[in-house]
Amino acid sequence: MTVTAPDQAPVTDVPKAGATRLVDRVFKMRELAILLVFLVMIAVTQAGNSAFLSEQGIKDLLLNATILVLVATGQSLVVITRNVDLSVGSTLGISAFAAGTYLQGGGDSAVAVLLAVLMGVGFGLLNGLLVSLGQVPALVVTLGTLYIIRGIDSIWVGSRQITAADLPGGYVDFGSGGISAVPYLALIALAVLVTTAYYLKHFGSGRELYALGSNPEAARLAGIPVRKRILTAYTFCGALAGLAGALYLARFGNVDSGTGNGYELTVVSAVVVGGVVFTGGSGSVYGAALGALLLTSINSVLPALGVSSVWVLAINGILLILAIAVDRIVALRVADALKKRNARHG
Amino acid sequence: MTHPSDTGTAPVLALRDVSKSFGAVRALRDVSLELFPGEVHALAGENGAGKSTLIKTLAGVHRPDAGQVLLDGAPVVFHGPGDARAAGIAVIYQEPTLFPDLSIAENIFMGRRPRRALGRIDHRATRDATAALMRRLGVALDPDRPARGLSIADQQIVEIAKALSFDARVLIMDEPTAALTGSEVARLFGVVRALREQGAAVLFISHRLEEIFRICTRVTTLRDGGRIASEPLAGMTEDDLVRRMVGRDLDELYPKQEVSPGEVALSVRRLTREGVFTDVSFEVRRGEIVGLAGLVGAGRTEVARAIFGVDRWDAGEVTVDGKPLVNGAPSTAMAAGLALVPEDRRAQGLVMDMSIERNIGLTGLRKTVRAGLMDRGAERSRSLDWAVRLQVKYARIADAVSTLSGGNQQKVVLAKWLATGPKVLIIDEPTRGIDVGTKAEVHRLLSELAADGVAVLMISSDLPEVLGMADRVLVMHEGRLTAEIDRTDATEETVMAAATGRAAA
Chain A
1 MTVTAPDQAP VTDVPKAGAT RLVDRVFKMR ELAILLVFLV MIAVTQAGNS
51 AFLSEQGIKD LLLNATILVL VATGQSLVVI TRNVDLSVGS TLGISAFAAG
101 TYLQGGGDSA VAVLLAVLMG VGFGLLNGLL VSLGQVPALV VTLGTLYIIR
151 GIDSIWVGSR QITAADLPGG YVDFGSGGIS AVPYLALIAL AVLVTTAYYL
201 KHFGSGRELY ALGSNPEAAR LAGIPVRKRI LTAYTFCGAL AGLAGALYLA
251 RFGNVDSGTG NGYELTVVSA VVVGGVVFTG GSGSVYGAAL GALLLTSINS
301 VLPALGVSSV WVLAINGILL ILAIAVDRIV ALRVADALKK RNARHG
Chain B
347 MTHPSDTGTA PVLALRDVSK SFGAVRALRD VSLELFPGEV HALAGENGAG
397 KSTLIKTLAG VHRPDAGQVL LDGAPVVFHG PGDARAAGIA VIYQEPTLFP
447 DLSIAENIFM GRRPRRALGR IDHRATRDAT AALMRRLGVA LDPDRPARGL
497 SIADQQIVEI AKALSFDARV LIMDEPTAAL TGSEVARLFG VVRALREQGA
547 AVLFISHRLE EIFRICTRVT TLRDGGRIAS EPLAGMTEDD LVRRMVGRDL
597 DELYPKQEVS PGEVALSVRR LTREGVFTDV SFEVRRGEIV GLAGLVGAGR
647 TEVARAIFGV DRWDAGEVTV DGKPLVNGAP STAMAAGLAL VPEDRRAQGL
697 VMDMSIERNI GLTGLRKTVR AGLMDRGAER SRSLDWAVRL QVKYARIADA
747 VSTLSGGNQQ KVVLAKWLAT GPKVLIIDEP TRGIDVGTKA EVHRLLSELA
797 ADGVAVLMIS SDLPEVLGMA DRVLVMHEGR LTAEIDRTDA TEETVMAAAT
847 GRAAA
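So the protein sequences, as listed, match chains A and B.
Read left to right, the first sequence gives residues 1 to 346 (our numbering).
Read left to right, the second sequence gives residues 347 to 851 (our numbering).
Chain B extracted, bound-state conformation (with noise of 0.2 angstroms):
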């Protein structure tokens, strides 16, 4: 195959020599990266790396401190998003940027809608653009519901359509597919070849490397905002891209220990949320790590959150060794030794303009509480003992969570729970967007903390992760558990059987 490049033709859009750094953090230096048209490039690296700033760049929301910005071969100066945008530069980012009060139409052609005489918008046209793109895309959302309530998957496929609306000459996504299930990124990836055969170069960032050997073409590597390469995918395999990111050959992704579970620490019975999900019965014992696969939107967060006690059963019973819990009440659920590491780590899991010492503190409030003062030397000592045994890079431990990379982010939300010293860890997507290195860290942890006795459920819709972590596996369907697997039965194929409905076990 010949490249784009050995044709002569020039990148619609590249970066020269571009640095950027935040205060003290270098987050960029000297990166360099050509986007042809009719071209997937992939952009791979750990979290941390300099993936963002380097989109953000290109999205005209930075500015390099140094370096430029090419626009077919051109130097050009964006001055904010609008400027990229009108430039033909659509960008989908990892965190869904959604208007919840307008409908789905607006939410697309925000900015840029059809207009009658007079710079009147025109709502009809916008409404029949807006199903037009759900067809293309094969989904049933209605363009006149606001967005507030859409599932993340939905809300993705808003953010997908958005950027199609404007037949960008440049697309770029991130984690585009965090959140989508097997068919739906099917469907984005036809999207994605039919935008190449029409001349767009595509950047692509995901953590599933399957996904990038799968559509993109050439790779470009970032280790901490430097380039180590951009290179063909051809002939290149998993491990390679690996070593290129992370530096070094990983340890084993998924190092779980062999444990012989004890006594039963967290049993369900029978629970049910009307509407939500109908009776729902495990248990998990000390020492092992059940792991609850299934398909986006199939119930799995809400027994969580229920068994936490955000919200309420309406029939059923959950006991921590034993003991009933309380419906809808976190406090004695944590009390009782439950602990809940959520899904969405930005909006549930931390303060994200607190710094990390008071993130990790949170839940010790009342431990670290001197005479009905808080003691902030217990605290700082605690929070500082959990960040270094877990590892979390950060410059000052009195940095918000918000200057951390995704990864790190979700280690402190981990050290808050773990510091709590849990007997139940009930953890939704352990690794969603975090890179490979912090990945394999994550689940040492898990592996680790379940070899000292405790109980970990573990939600999960990355199914290398589920296999390779899970004693137990169970598979929700709409809102019923459908099937338990044992980890020596458990298969992708067995799982996703479950997952589907196509098979009851």
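So here's chain A without its partners, still in its complex pose (with noise of 0.2 angstroms):
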């Protein structure tokens, strides 16, 4: 028998497949869709309401969606790693206060928002050491954060408040102050954005936390930090969080022990109506940011289509199981269309 050697092989040449390239538009059709359905919602408001579209009005649409925006961006890179962090609004809503107290005492600005990331960041290390080490469900064990931090903030904050008028000026003005109609509060969720998705692109310990999320088992043979991953992906997720609690502070500059209640069922909807995957491994953090800024926007235009604001939950809802549903059809389509290809290679 002579086999010939490798090297030698006839030059095939590596197509691009037409199975690729519809995979490829199908992934990317997911953010764009989100992108239009916005478009076309703020279209039609506008259309109904000339007066929506203000250079106030797209300044709040832009401010309601900043802290969503960011606490959705962490929230994805545990998601991608098939794990969820209940506690978000729980570490936003003490974050805040403690930045909040901080403050009142008449701390500097600066060091108030570095303090309520590194409590983000706390709480972050916390969770992720717990699902990592513990090999225990994220969803029982960040549940489980979600109380204790609600219930620490419950008894350091009891009946206690923070107002505006507690706080420095400049810290307030900030929250509200912008570059025309782009408020500052955007601009930093939106460096961070484009930061965290540069990074999951182009790095190998981003496109790793993909790669867990995908095929856990697959990913400890071929030797990734499965722990340590997981940990950096919470940790991130809680500084975020504690970061969107500063923010939370500058723009509305009231803050008390129910801050935050609730919130992370919010921000897992704007992750999940984004495209990325429960399941893990797939999605990216604009989808989430789009998911946020369409859930957020919700709120505003109901109010200027004269609908009654009772509605806003329902419509939240349904949108999620819409992206839900979409998500399975497209998902079975692909599926269906690379076994039809595969079938004819034979």
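Since the hints were derived computationally from the structure, they do not count as laboratory data.
Ideal Cβ placement from N, Cα and C applies to all residues, glycine included.
Warning: the hint list may mix true and false statements.
[Stated by the list, open to error] Now the in silico label distances, taken between C-beta atoms and shown as ranges:
1. B:Ser378 - A:Lys201: 39 to 49 angstroms
2. B:Thr678 - A:Met41: 42 to 52 angstroms
3. A:Phe278 - B:Arg462: 26 to 36 angstroms
4. B:Ala432 - A:Met41: 45 to 55 angstroms
5. B:Ser748 - A:Gly317: 35 to 45 angstroms
6. A:Ile324 - B:Ser677: 18 to 28 angstroms
7. A:Pro137 - B:Gly581: 50 to 60 angstroms
8. B:Val423 - A:Thr195: 34 to 44 angstroms
9. B:Gly674 - A:Ile152: 51 to 61 angstroms
[Stated by the list, open to error] Some chain A residues flagged as far from chain B (calculated, every beta-carbon gap over 12 angstroms):
10. Leu36
11. Val40
12. Phe174
13. Val182
14. Leu231
15. Ser257
16. Gly258
17. Gly262
18. Leu305
Two chains, each in its own frame: build the complex with the hints.
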């Protein structure tokens, strides 16, 4: 039997298979689709109420989305690894109050933000350690820390409240200020978003988050430091929740022990609507940010159209189910298409 | 031929008196193994003999309880798969370990991609390196395509490319050929020979004995976790090797009983699923074993899935005992007396974390219900009965199926379906990845079932198995039935000719 040395194997051209282009298109479409829905919604609203897209109107849209975009960006990283962090609402609340208390005592603004971020990092580390070392489902662990952090918050804060009057004027002005229609806070969120997206695409450790969400066992066999990566994802998620707390304080100036209560569910909705797959391994932070923008915009769109805001929650729910249904149908279609192509290869 | 060990070369990787236990099961006891540069070393043994544990010890997944791993003669401790990889040890596992959401290129270079400034990934270099690997393997897979949806053969090729990409000093291959076609195997062997020339050590595991003789120079045989022998293959026969593996002379590997077929049990007429298979018609009679041969991807599994109702068909008809089946309804297929033992037992045949007892019990849930509640006692006795009949080797019937070896897992899947008392048994790759001893048992079982009047449709890529067991051989090529060959006329040549589309019978 003669066997050609592999180096002399016939040079087969590796074609850009049709299947790949199809799949590529579908996943790029996913983010485009949300953008499209968002733009249509804005256009319809503008047509019905020409005052909607005033400079203040745009600013409000962006300001409302900012905090959710930040937390959803962090959450995406965790969800990509096939985990979830339900404690982000509690972390946001307690770090906002911590920053507020510090500022109330005459502290420096930059240090206050840092304090909030560090607090988030601490809780993120705690979550990450429990999930990666305990080998316990993240849903349960972070449900536990949700209550623990909220409990600490309640004990510490009691019935106290921080209002804008207690804060340095510069801090509150920064929260509502901006460059023409673009708020400073939105610029911060955008910077974080772009940096995170770049990290996920261009750094080995970023791609490894996708890998371990896609197939945890294979990730272990490929020598990926699974625990370290999960820990990093949670720490980052916590840090952004803490930062979001500081920005929340600047934006609303009003914090008590209930701040951020139930926020985690809005965050998870935004992430899922944005196409980050709950079973891990797939999705982008841009998608999650668009999901956040879409969900928060509904809050402004309905009043502008004269619809009662009691509809907001129901519409959010419908969007969520719709997003999952679309994902599922698309996934089935793609799988079918790939299968048929394979069959033809024989 | 002089062996490397005779010339005084040091082994690149070795195990010295390694033992490893999982709970009460002693997977390896005092096993030694030496891999020399430039040799292809076979590891032979039945399933459950400890081959997988040995590989995982070399790969840094398991740490030995006693004994040492030696790298270039010096003891090392691998703290994880990453350490072994850094030492130049590449492993191709039996079950592909890919990331479905990531591209083929990313799968191959995960964890050690070409970098640009600031530690960023060089996507272009990754893609180019992957394309080069694919050319070296002679396959046309797009590096940017996600791994999701790849056929098992293509997944295996990605695994091989992954192992090649490191320029490994030691390449360990656990059943790399199980899903490959003849030409792909030849190409793989070409690559293995080239690696050997470059001085790499290769550890090769295969249940296809002829492959061991084709490519390997030495063989280490394991039985029940202990080493039986390490010896040159030259001068050995397949029978010698089997005797060492099994520890006894094998009864005939294909114990086919002569049966005169009864009336038609399963009839498939003009079955079509668009883009997958077209115009497939055949019959299986009671007492008959019909082999369904063809290359991987010819559409055999898909036909079986459609018959059983897992996938819908677009046109055609399936009848069992003359009664038509409902399109796309497995429960009615089961009620009609159909059973399907799927190809991928881990993903489709078993609930890996559930006990043997409950896995077997799954198909009988309706029968073991009393007053609307599960009758655990009835379930247990029914499962025990079948586990004993099929000689499943287990510690306790309440143990998780995942603790069993591959061959015994297959027996559990069989037990689960036989417990339904099927009239028609469709079995997809009945002995893939199963050791010789268990293989003979599965064959005897199929033969007995046929003798009891069950109609058996056996899909298999193992040609000797098809020729040895089937009364009739159906051959598929690119979604169509291209030949029906009687037992007496079926040879490797006639079946392969039809499977590759070279002749229409």
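Going down the list of hints, with the structure as the test:
Between Ser378 (chain B) and Lys201 (chain A) the CB atoms are about 47 angstroms apart, so this pair conforms to the stated range of 39 to 49 angstroms. Look at Thr678 (chain B) against Met41 (chain A): about 46 angstroms separates their beta carbons, and that is inside 42 to 52 angstroms. A C-beta distance of roughly 33 angstroms is found between Phe278 (chain A) and Arg462 (chain B), which places it inside the suggested range of 26 to 36 angstroms. A C-beta distance of roughly 52 angstroms is found between Ala432 (chain B) and Met41 (chain A), which places it inside the suggested range of 45 to 55 angstroms.
Between Ser748 (chain B) and Gly317 (chain A) the Cβ separation comes to about 39 angstroms, which falls inside the hinted range of 35 to 45 angstroms. As the Cβ distance of Ile324 (chain A) to Ser677 (chain B) is approximately 27 angstroms, the hint placing it in 18 to 28 angstroms holds. For Pro137 (chain A) and Gly581 (chain B), the Cβ-Cβ distance of about 56 angstroms falls inside the hinted range of 50 to 60 angstroms, so the restraint holds. Against the hinted window of 34 to 44 angstroms, the Cβ-Cβ separation of Val423 (chain B) and Thr195 (chain A) comes to about 39 angstroms, which satisfies the hint.
A hinted range of 51 to 61 angstroms for the beta carbons of Gly674 (chain B) and Ile152 (chain A) is consistent with their spacing of about 54 angstroms. For Leu36 (chain A), the shortest C-beta to C-beta distance to chain B comes to about 24 angstroms, beyond the 12 angstroms cut-off, and the non-interface label holds. At roughly 29 angstroms from the closest C-beta of chain B, the C-beta of Val40 (chain A) stays outside 12 angstroms, upholding its exclusion from the interface. Non-interface status of Phe174 (chain A) relative to chain B is upheld: no Cβ of that chain comes within 12 angstroms, the nearest being about 31 angstroms off.
Chain B leaves Val182 (chain A) outside its interface by the beta-carbon criterion, the shortest separation being 29 angstroms against a cut-off of 12 angstroms. In this structure Leu231 (chain A) is separated from chain B by more than 12 angstroms, as the shortest Cβ-Cβ distance comes to about 16 angstroms. Annotated as non-interface, Ser257 (chain A) keeps its C-beta farther than 12 angstroms from every C-beta of chain B; the closest such distance is 40 angstroms. Every Cβ of chain B is farther than 12 angstroms from the Cβ of Gly258 (chain A); the closest lies at roughly 38 angstroms, confirming the non-interface assignment.
At the 12 angstroms boundary, the C-beta of Gly262 (chain A) stays outside the reach of chain B, the nearest C-beta of that chain being 31 angstroms off. Every Cβ of chain B is farther than 12 angstroms from the Cβ of Leu305 (chain A); the closest lies at roughly 39 angstroms, confirming the non-interface assignment.
When the structure is compared with the earlier hints, no violation turns up for any of them.
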